[in-house]
Amino acid sequence: MKQNDHYVAPYDENVSFDELPDAAPSARFRLSVTGWIGAVIVTFWVFIAVFGPALAPYGENELPFPDDYSEFQLPRAGAWLGTDVADLDVMSRMMYGAGRTMGISFVATTLAYLIGVVLGIGAAVSSPRVDMVMSRINDAFLSLPTIMLGLVVVAAVGSSIPVLMVTAGVIYASVIFRLSRALGQEIMVMDFVEAARVRGEGRWWIIRREIWPNAAMPLMTDFGLRLIYVILFISSLSFLGLGVQPPQADWGSMVRENLGALQYGASIIPVIAPALAIATLTVGINLIVDDVSAHSGGKLSKRL
Amino acid sequence: MISLILKRLGIGLITVLAVSIIIFFGTKILPGDAAQIRMGQSATAENIAAMRARLGLDMPYYMQYWHWLVNFLSGNLGVSLSSDVPITNLIDDRYKNTLFVSSLTAAIGVPISLMLGILAAMYPGTLYDRILTLVSVSLVAAPEFFTATLLVLLFVFALDIGNAVVVGSTEGKGFFELISHFALPITTLCFVIASQLIRMSRAAVLNVMSSPYIEMAILKGVPRKRIIFRHALLNAIGPIVNVVALNLAYLVTGVIVVEVYFGYPGLATLIVQGVQTRDFVLIQGLGMIFCLTYVILMLIADIAAFASNPRLRHPK
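Going down the list, the protein sequences come from chains A and B.
Heads up: the first sequence begins at 1 in the numbering used here, then just goes up one per residue.
Heads up: the second sequence begins at 1 in the numbering used here, then just goes up one per residue.
Hints were generated in silico from the structure; no laboratory data involved.
A hint or two may mislead.
Some chain B residues judged to face chain A by a derived CB distance under 7 Å, without partners named [claimed, not checked]: (1) PHE146; (2) GLY221; (3) GLY287; (4) PHE290.
Just so we're clear, the structure is a prediction, and the values are computed from it rather than from any experiment.
Beta carbons are placed, not taken as given, at the ideal position from N, Cα and C, and that holds for glycine.
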């Protein structure tokens, strides 16, 4: 939901896609220092997401000090990041929330890719009329701010984890539709596709054997970038109180829950810790994506 | 050129229509009936039927849509379901806050970030350029509420200035009082748009700098400053206007999180409340306002893009 996720010109095919990552990295590709930093951060958070619930010192909704009441929620022995507004352990909740924030985003991005790539490549190989209708409908979706679409859907059907996954998946599919359609079109006019067509190969064969192998790598690099936007979108919805619902923890809603207590002099750690977690995760992914883009050959955006 | 702009405007109009259809029918598929919500649980069947007729809910959907659209265009946004107050009254004292914060963000954030971005493009590869790139890459990927929290930490806790949570009325406050009142939200939004603007304006100028005629100027021995100000910048103006319009469109979404974070009454907090109370009339009206602003800014970005680049005027 970060603003830049719509940086694709909505109407004009010829406006360049500066925001796209570049083509596939070469076989000898190696990460630079910043890339490694990103990789270490992301690996750390994936580890927490997978093993967090097992390693967490307390349960998600288990009071660490049932008989004790902490006014300012400050860190202390047993609750190293302090306790939150409901006197729950911030660190444990973050470890539970990691899997939820990252899991929802990952499933949503994968879903967006399934929808976007199938329809996008489908549009690229279809007749111009079908292609035009699909693209125009897609443009209408692209010209809406993602958070607005999210708000309307949540208002309509209420918020739950499956709803969040499907909503984010469908909303972000439109960006991927544009990318994979553009890629598909670009490949469709290549000589080897022409040759295959002259040879009498069917449409499905061409998609499977000519388009897919050529489109797969650029799409994979783009996946990282989309994942960032989906994480920000889900976290922002949760932050607005319209995403993951209490008592379940996720990073965005943790920021919201603890924000109100700030003006009564509560510790800022329960607010800053989950916000910092999201920021390090997305910046980490961005460092890897940027590194991969910088080291790849020709800029994809130039060829689109 | 004129015909192309007209064509874009036409496409923009169709987009707006499509957007209104998505918003209207998106909120229509929901379970729950506006008449039922307004009358409460204790209402009799006749009462609800009468209310349905009054609200025009007994008409077919396409007629409802038409009435809604005509009303919207004539400035009548309907009556809020949860508070029974006309939406225009609800908006009245809130839109000033949103407008004030976003226009001041644009007035402060845009020139500063453009300057930083162009400076980075003037000296690519230097330490300044690399630090700026790293900071903007990090800021682009960080959520708005993280930036906001850092600023709160810095201003309120470390420097002991500003107020973390903007409360109270803004009535009767002078311009400068308002600025200090909204200092934190405005600074946050400035950071949010700056990260994008710096990256994109730098890319726009670098793009021009790599063109053959600049190379020619370098070979002729034109001084570097003159190349930038006389040769490069003029041709980068179009892309930069495009970038600015795009980023102002992003401001529309950025403002939602920032308003909720700092808890001041604006249009965005209103629509979030609308979603929480499932006030569909409110969501429809405000959703249209937000989307319209967004579409118009995107349209400006689009027109600026091809107005500045003759190659885009002749699509293949």
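Verification of the hints:
no. : hint   : verdict
1   : PHE146 : holds (4 Å)
2   : GLY221 : violated (30 Å)
3   : GLY287 : holds (6 Å)
4   : PHE290 : holds (6 Å)
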